[in-house]
Each structure stands twice: as C-alpha cells, then as structure tokens.
Amino acid sequence: MTLDMSALMGAIPEVFSLYTIVFVMFGVLLGITVGAIPGLGPGLAIALVLPFSFILPLGPLMGMLIGTYKAGTYGGSISAINFATPGTGGGAAALPDGYGLTLQGKGRKALEMDLYASVIGGIFSTLVLMFLVVPIGKAAPRFGPAELTALYMLALSLIVVFSTKNPGKGFLAAGVGFFLSIVGRDVVTGALRFTFGMRELQGGIPLVPVLMGFFAIPVIVKQVHALLTDPEGAGKLGDGNTNLDTKKQERLTLKELKSCSRSIGIGCVLGSILGALPGPGASLAAYTSHTVDNQLSKDPMHGKGSLEGVASAEAGNNATTGATFIPMLTFGIPGSSIAALLMAALVMEGVPVGPRVVVDHIDVVYTLFLLMFVANVFTLIQGKLLIPIFTKLTEIPAIYLWSIIAMFVVIGTYAVNNIAFYTVIALGAGLIGYFFKWFKVPDGPFILAFLVAPLFERSFRQALILSRGDFRFFFGSGISITLWTITVVAILWFIIKRKKPLTEK
Amino acid sequence: MTERKISLNATAGAIIGLIATITFIWTFRIDLYAEALFIPRVAIGLMGVGGYLVVIQDLFRPEIKGEEIKNNRTIPYLIIVILVMYLYSWAFRNIGLVVSTFAFQGVWWIGFHIREATQKKNFSAIRKTIIKDLVIAAVVAGGMHLLFIEILNLYVPQMTLF
Numbered sequence: 001m002t003l004d005m006s007a008l009m010g011a012i013p014e015v016f017s018l019y020t021i022v023f024v025m026f027g028v029l030l031g032i033t034v035g036a037i038p039g040l041g042p043g044l045a046i047a048l049v050l051p052f053s054f055i056l057p058l059g060p061l062m063g064m065l066i067g068t069y070k071a072g073t074y075g076g077s078i079s080a081i082n083f084a085t086p087g088t089g090g091g092a093a094a095l096p097d098g099y100g101l102t103l104q105g106k107g108r109k110a111l112e113m114d115l116y117a118s119v120i121g122g123i124f125s126t127l128v129l130m131f132l133v134v135p136i137g138k139a140a141p142r143f144g145p146a147e148l149t150a151l152y153m154l155a156l157s158l159i160v161v162f163s164t165k166n167p168g169k170g171f172l173a174a175g176v177g178f179f180l181s182i183v184g185r186d187v188v189t190g191a192l193r194f195t196f197g198m199r200e201l202q203g204g205i206p207l208v209p210v211l212m213g214f215f216a217i218p219v220i221v222k223q224v225h226a227l228l229t230d231p232e233g234a235g236k237l238g239d240g241n242t243n244l245d246t247k248k249q250e251r252l253t254l255k256e257l258k259s260c261s262r263s264i265g266i267g268c269v270l271g272s273i274l275g276a277l278p279g280p281g282a283s284l285a286a287y288t289s290h291t292v293d294n295q296l297s298k299d300p301m302h303g304k305g306s307l308e309g310v311a312s313a314e315a316g317n318n319a320t321t322g323a324t325f326i327p328m329l330t331f332g333i334p335g336s337s338i339a340a341l342l343m344a345a346l347v348m349e350g351v352p353v354g355p356r357v358v359v360d361h362i363d364v365v366y367t368l369f370l371l372m373f374v375a376n377v378f379t380l381i382q383g384k385l386l387i388p389i390f391t392k393l394t395e396i397p398a399i400y401l402w403s404i405i406a407m408f409v410v411i412g413t414y415a416v417n418n419i420a421f422y423t424v425i426a427l428g429a430g431l432i433g434y435f436f437k438w439f440k441v442p443d444g445p446f447i448l449a450f451l452v453a454p455l456f457e458r459s460f461r462q463a464l465i466l467s468r469g470d471f472r473f474f475f476g477s478g479i480s481i482t483l484w485t486i487t488v489v490a491i492l493w494f495i496i497k498r499k500k501p502l503t504e505k
Numbered sequence: 506m507t508e509r510k511i512s513l514n515a516t517a518g519a520i521i522g523l524i525a526t527i528t529f530i531w532t533f534r535i536d537l538y539a540e541a542l543f544i545p546r547v548a549i550g551l552m553g554v555g556g557y558l559v560v561i562q563d564l565f566r567p568e569i570k571g572e573e574i575k576n577n578r579t580i581p582y583l584i585i586v587i588l589v590m591y592l593y594s595w596a597f598r599n600i601g602l603v604v605s606t607f608a609f610q611g612v613w614w615i616g617f618h619i620r621e622a623t624q625k626k627n628f629s630a631i632r633k634t635i636i637k638d639l640v641i642a643a644v645v646a647g648g649m650h651l652l653f654i655e656i657l658n659l660y661v662p663q664m665t666l667f
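Residue numbers (this note's numbering), protein chains in the order written: chain A, 1 to 505; chain B, 506 to 667.
These are calculated hints, taken from the structure and not from any lab test. There's no promise every hint is true.
Unchecked claim - Pairwise CB distance ranges, derived in the manner of DEER restraints: (1) E349/A with L657/B: 17 to 27 Å; (2) I580/B with S157/A: 43 to 53 Å; (3) Q624/B with P300/A: 38 to 48 Å; (4) I656/B with Y19/A: 19 to 29 Å; (5) Y19/A with P581/B: 52 to 62 Å; (6) I561/B with I491/A: 12 to 22 Å.
Stated by the list, open to error - Quick list of in silico lysine-lysine cross-link-like pairs, DSS-like style, CA-CA up to 27 Å: (7) K637/B with K222/A; (8) K222/A with K392/A; (9) K222/A with K384/A; (10) K626/B with K222/A; (11) K440/A with K384/A; (12) K392/A with K633/B; (13) K626/B with K392/A; (14) K255/A with K298/A; (15) K255/A with K437/A; (16) K625/B with K222/A; (17) K258/A with K304/A; (18) K384/A with K304/A.
Don't be surprised by glycine CBs; every beta carbon is placed ideally from N, CA and C.
Construct the entire structure; sequences and hints are all you get.
Set out below in structure tokens:
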C-alpha cells in the first residue's frame, strides 16, 4: 500500500491540535494506571471512557481511546515486573524475567526495557498497519479452520518442546493447561464438560483470574513464610543490589537496549502476525515471542531474570496493538474485544466500519494511524516520568506490601466481571501455581496450552465438520502445508539441539 | 552406581500418572459424544504421559534429572493465605469494602508487629506502631473505596457498613 499523502496531510491538523493531544495524554495516563492494577486491563479503561463518544469529536475521542489501549497494554506488565502479579494476560509473559530482575535489584532496568520494547513494538505494529493493511487484510481470511489448526498446532508444539529441559514436566504442564481450558460448555455440541454440576463453571475458566492466582499466590505465600520465619531478612524487594549510597537502582544503558534488538525484533514480527489474526490476542503473541526468543538466546538467565526475556515478551505484547486494527479496517471484523469497543466508538462517531472504510473514510483511517504514533510517543514520555514512582513502589516494606497485593488479587479478580467465583478460580490457580513452583514444573507450557487449546479445538472441529471427517483437509492449502512443515522442522531442530549437549558431554 | 531411591519428584509423577490413567479410563464412562471428549482425553493423556516420564527420567536417567525437589514445609502458609484471601473476598461483598479492608489489613499488620515485638521482647514502640498500622489501614481502605467504587464504579452489593 502506498501512502495517500493528501489524506495524511489532512489528518495532521486534527491530530496535532492541543485539544486532541490533551485527550491522548489523559488516555495514556488512564491506560498505564488501570493497566497496572491487577485484573483491570485496558478493556475496562476503554469501556469507562467510551461514553465520551457522545460529546467528543472523532480526533480527541479516538486519541483518548487509542492512548488508553496502547498504554494499558504496556501497563499490564508493570505490576508483573514489580510484584509478580500481572495486570493483564499479555503482561504475564514478562513476569518470570521482569520479577527475576526486580529480585536482583534491577527492577528499574526491567521497567525501562519494558517501556522501550513496548513503544518499539507499538510503533512497528503501527507501521505494519499503515503499509500492510491491505496485503495482510487479504491474507487473514485465507486462514480458514484448517490453516488455523496448523497455526495453533505450531504454537502448541513450540511450547511443549521448547519450554523445558524435562519433557515429562513439559507434557504435564501442557496437559493441565489443556484440561482447564476445556472446562465448560462444548463449543460444538453445547454439552457441559467437567463442570461437576457447578453453574459458575459453565462459561469456562477465565484467563485473567487464572494468571493472577497462578503467579501471585505462590509469591505471596513465599513472602508470608519469609515474614513469619525471618522478619529481618524479608525486607524490601531487590535490596541486595540497590546502590546504597544513592539509594537508586541502576538504569538501562543504550548498550543493553541494543543487545536486546534481536529479542525486540522477534516480538515485533510475531506480535504483528498474531495480532492480525482474529482470536489469538496479546497473550499468545507475548508468550510465543518469549518462547522463540528463549530458544535463540544465549543468556543463561533467560526465563529467570533476563532483559532479553522482558524485551521479547513486551515487544510481542504491544506489537499486537496496531495489528488488531487490520481485520477491523479491512473487513469490519473486530479481532478482539478491545477492537470491538474501538469499532463501537467509530460507529458512534458516524464512521461505518467495514470493507469500504479504507476507501470512503481514508481521512479517518489516517487520523487513526497518526493517533497511534502520538499515543506511542506519549506512552514513552509519561511512562518514563512514572518509572521512578513504580520503582519506589517496590520499596514499600514487605509487611505492608504483600497484604495489599493479596487484597488487589482478590478485588482484581472479582472486578474482571463482578463475579465472586472468579476469586475462587484465582485461589485454585494459586494452588496449582504453588505446586508448579515447588516441583519446578515450567509454567510456559501451562499458560500457552491454556490459551491455545480452546482456539485449537474450535478450528480443529470446525475443519472436521467442513471436511466430513477427512483429515486430508488439514493439508489442503499452501499455508497449512507450510505451517505443518515448520512444525515438523521445529520439533526435529529441538531434538537435535537437545541431543547435542549430551553427546558433547 | 548411584543409589536408586525414589525421590519426591518421582513420587509426585507416579501419583499424577496414576490419577490421569484412572481419569482417562473414566472418560469412557462419561455420557458425552466422543468428539467432545477428544481434547479432554488428549489433556489427560498428556498429564499421564508427563507423570510417567518424570518417574522414568528420575529412575533411569538420573544424570539428566531435574533439580532435587525439597520438602519446603510451606503448605501451612499456603492454606493460611488462601483462607485469608477467601475470607476477605467474602467479607468485602457481605460486610463492606471499606470496613473489611480496614479490618483485614489492620489485623494482619498488627498481628505481625506484635509477633515481632514478642520475639524481640521489645514492646517499647508497639503502641506507636499499632497506631501507625491503623492509620495506614484506614488510608488504604479509603483509597480502595475511592478507586474501585467511586472512580471505577465497581459493583459491590450495598451494605450498611461500607
């Protein structure tokens, strides 16, 4: 797609007016703040400001909403890095490395890397949207059930084989994730599966409470144990490496940022591809980017406290923010719940979102492109200003901090949908997380299986229905054959890679 | 030759494998279409295979087995944390967000500080600490009300005590 310069020039005055900029800034502040509160993702923040569509013109309104969305996606990882309590599903992928760095006293570095990777991912995704909205938009519907099955199979195989040195524990983790994801109503027959007569489980097990409980509760238990057995030693997070003279943590250097360029690149590419497909979303993009980067990284701390891990996960997470708009702007299909909210706002502003929006409302489309750039710039500025405050939060004495985190987990899980049972789900996930930590079972396969299994099952069974049970249907197109080939090659590569060190030994 | 002793790791793997095997067999008695049970069976199968692989790896290839799993004795703390969180979840919906937050945080912090003072046998500053705890608990409770009820408009059943 070549740029329409007249439409671009037409959008500039609207986007760069003081009125619009103020609302973008407000949206970014709201997004970072709400995103950083466990359980409250950017979706809630957007829903909160959506009524403004009745009073605001298109530029300021979309600026505020896009700012909220982009900054909220970034904000979800702040609490994950600081307190091992992810604010959003996508933010959880940065948790093992980000929190690992916080424990080493490098929380500020992690937060800065998080911010830069998020902004770079966001800008890359916006560029992809601008230049590739038509080609990607055309390719997206070619992903039918058979192609999606192959894609999800690729994701699943990567998770299980890449995420662990111990395949047994990898299978176990993936099995638990698979099983929990299918609880509830069957997507095809409508029959209830493994709900054990509990009405609350009929709708399935939601992602955010599972992630919050799974990651946060084991850490809370560990900290409470430390407080009760050794109150002096419990102290503050990452005390050991804070510069005691200046009481300041080290900042991210340009060299460190450059050294993570490969990780950021992986996140940008995978996030943009997965974000363009309806369904997978930011969580899958973040986890896939982190997993792929983990395999390519030479950093022994990857997955335990590495800047590369934060960079890949967050670039992947935020690279979906522009790509989400691709199915919306090309076919009028919202690829996610947030895209649906943004689409609703556009419709309320009198812009009929559909296949002709790029033709009939090209000025609006360019306004959106520019607003995305502006929102990224303000996320960088405001995020940078807020990082010292976020770093300070980790210095709250442990005795106060962990009880407040526990309280946020309870209210945050309830706030997801105002359902008290979600807290019970989080507590159950905490129990699983505790045993995973204890027995050193990797969490990656569990989370990815939990995310991908429902999507995989839906595509797989749709394909079987369409083909009347003919399995050749799964290899009927060039896209699926390519994806299956990548899957097989990835598995073979893994086996060879795994054998090498043992042989050398 | 190394001593073949069944580790905690292998025991857990064996238990999970056994439970998964029984559950897998049980799925054939469930009144659901086979297609609806395909993915659940894959899930249970993966758990079973994973469990047995852990045992096999632990027993027959100890040179590549994972890190030794220790009995870390934190299960009582896990139970306490889950119970307290569940109680708080019940309390903020049935008593009121502000009162329950104030009470839970206050009790938690004061309890810790009294325990600490008892261990150190130093009660000189305990009164001041308790007052500080209560003030912070009140501020946190107020902040929670402001954030969740006033700003975010979270639905919480109306209670006499708020």
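Results of checking the hints against the structure:
no.: 1; hint: E349/A with L657/B: 17 to 27 Å; verdict: holds (25 Å)
no.: 2; hint: I580/B with S157/A: 43 to 53 Å; verdict: violated (35 Å)
no.: 3; hint: Q624/B with P300/A: 38 to 48 Å; verdict: holds (39 Å)
no.: 4; hint: I656/B with Y19/A: 19 to 29 Å; verdict: holds (24 Å)
no.: 5; hint: Y19/A with P581/B: 52 to 62 Å; verdict: holds (58 Å)
no.: 6; hint: I561/B with I491/A: 12 to 22 Å; verdict: holds (20 Å)
no.: 7; hint: K637/B with K222/A; verdict: holds (25 Å)
no.: 8; hint: K222/A with K392/A; verdict: holds (21 Å)
no.: 9; hint: K222/A with K384/A; verdict: violated (31 Å)
no.: 10; hint: K626/B with K222/A; verdict: holds (26 Å)
no.: 11; hint: K440/A with K384/A; verdict: violated (35 Å)
no.: 12; hint: K392/A with K633/B; verdict: holds (25 Å)
no.: 13; hint: K626/B with K392/A; verdict: violated (32 Å)
no.: 14; hint: K255/A with K298/A; verdict: holds (17 Å)
no.: 15; hint: K255/A with K437/A; verdict: violated (33 Å)
no.: 16; hint: K625/B with K222/A; verdict: holds (23 Å)
no.: 17; hint: K258/A with K304/A; verdict: holds (20 Å)
no.: 18; hint: K384/A with K304/A; verdict: holds (25 Å)
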